[in-house]
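Please work from the sequences and hints to get the whole structure.
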Amino acid sequence: MSQVKHLLQAKGSTIFSVAPDAPVLEAIKRMAEHRIGALLVLANGELVGVVSERDYARKVILQGKSSSQTAVSDIMSGTPITVGPDTDVFDCMRLCTDSRIRHLPVVEDGKLVGVISIGDLVKAVIDAQAEQIEHLQRYITS
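Mind the numbering: the sequence shown is residues 1 to 142 in full-length UniProt numbering, read in order.
Take these hints with a grain of salt, some might be off.
[What the hints assert, rightly or not] DSBU-like cross-link-like pairs, simulated, lysine-lysine; straight-line CA separation at most 35 Å:
hint	residue 1	residue 2
1	Lys29	Lys123
2	Lys11	Lys29
3	Lys5	Lys123
4	Lys65	Lys111
5	Lys11	Lys123
6	Lys65	Lys5
[What the hints assert, rightly or not] Ranges of calculated distance between the beta carbons of each label pair, as one might list FRET restraints:
hint	residue 1	residue 2	range
7	Gln63	Arg138	49 to 59 Å
8	Gln63	Asp127	20 to 30 Å
9	Ser13	Thr79	32 to 42 Å
10	Glu46	Gln137	40 to 50 Å
11	Phe16	Ile126	23 to 33 Å
12	Glu108	Arg54	24 to 34 Å
13	Asp127	Asp21	36 to 46 Å
14	Ser68	Ala130	40 to 50 Å
To be clear, the hints were calculated from the coordinates, so they are not data collected in a lab.
Glycine included, every Cβ here is placed at the ideal spot set by N, Cα and C.
What follows is the structure, given as structure tokens:
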């Protein structure tokens, strides 16, 4: 199975982020603009959290808070779980499942190099299984 670095090579390592003191409304607009479900929260270039649509729904909407008056730091999930580029895709899926998270920042030598989502992981597994099935079908028919 492939590793995180293979996923980043295929999808790119673009990182969408927001500052912890930014209003939640800014984060939600950025997520909508890029059609993503979460942003990494960076303070002075350092990863300090992840903010997701789920955080917004549960910690702003359901609590009746103002999107323009609430800071990202008030709703973000702090101390995010990270993986390295050499982490196996199945290990990442297990980590996401066990930790009930959907996004994994990728850190190499203390530097943020990308982010992968559960969707990226599922796609990688499906692609690998399709390739294996095709290989087995060729083996059987030859």
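Comparing the hints with the structure gives:
For the hint pairing Lys29 with Lys123, the CA-to-CA distance comes to about 26 Å; that is within 35 Å, so the pair holds. Taking the CA atoms of Lys11 and Lys29, the gap is about 22 Å. The hint holds against a cut of 35 Å. Distance restraint check for Lys5 and Lys123: the Cα-Cα separation of roughly 15 Å lies within the 35 Å cut-off, and the hinted pair is therefore satisfied. Restraint check for Lys65 and Lys111: satisfied, since their Cα atoms lie roughly 34 Å apart, inside the 35 Å limit.
A hinted pair counts as satisfied when its Cα atoms are at most 35 Å apart, and Lys11 with Lys123 qualifies at roughly 11 Å. Note on Lys65 and Lys5: the hinted pairing is violated, with a Cα-Cα distance of about 39 Å set against a maximum of 35 Å. Judged by the Cβ atoms, the range 49 to 59 Å given for Gln63 and Arg138 holds: they are separated by roughly 56 Å. Checked against the given bound of 20 to 30 Å, the beta carbons of Gln63 and Asp127, roughly 40 Å apart, lie outside it.
For the hinted restraint 32 to 42 Å between Ser13 and Thr79, the CB-CB distance of approximately 22 Å leaves it violated. Between Glu46 and Gln137 the beta carbon distance is about 49 Å. The supplied range of 40 to 50 Å therefore holds. Distance hint check: the CB atoms of Phe16 and Ile126 are about 24 Å apart, consistent with the given range 23 to 33 Å. Under the hint 24 to 34 Å, the C-beta atoms of Glu108 and Arg54, about 27 Å apart, fit the expected range.
Our hint of 36 to 46 Å for Asp127 and Asp21 holds, since their Cβ atoms are close to 40 Å apart. Checked against the hint of 40 to 50 Å, the C-beta distance between Ser68 and Ala130 comes to roughly 45 Å, which is consistent with it.
Taken one by one, the earlier hints fail for this structure at numbers 6, 8, 9, listed in ascending order.
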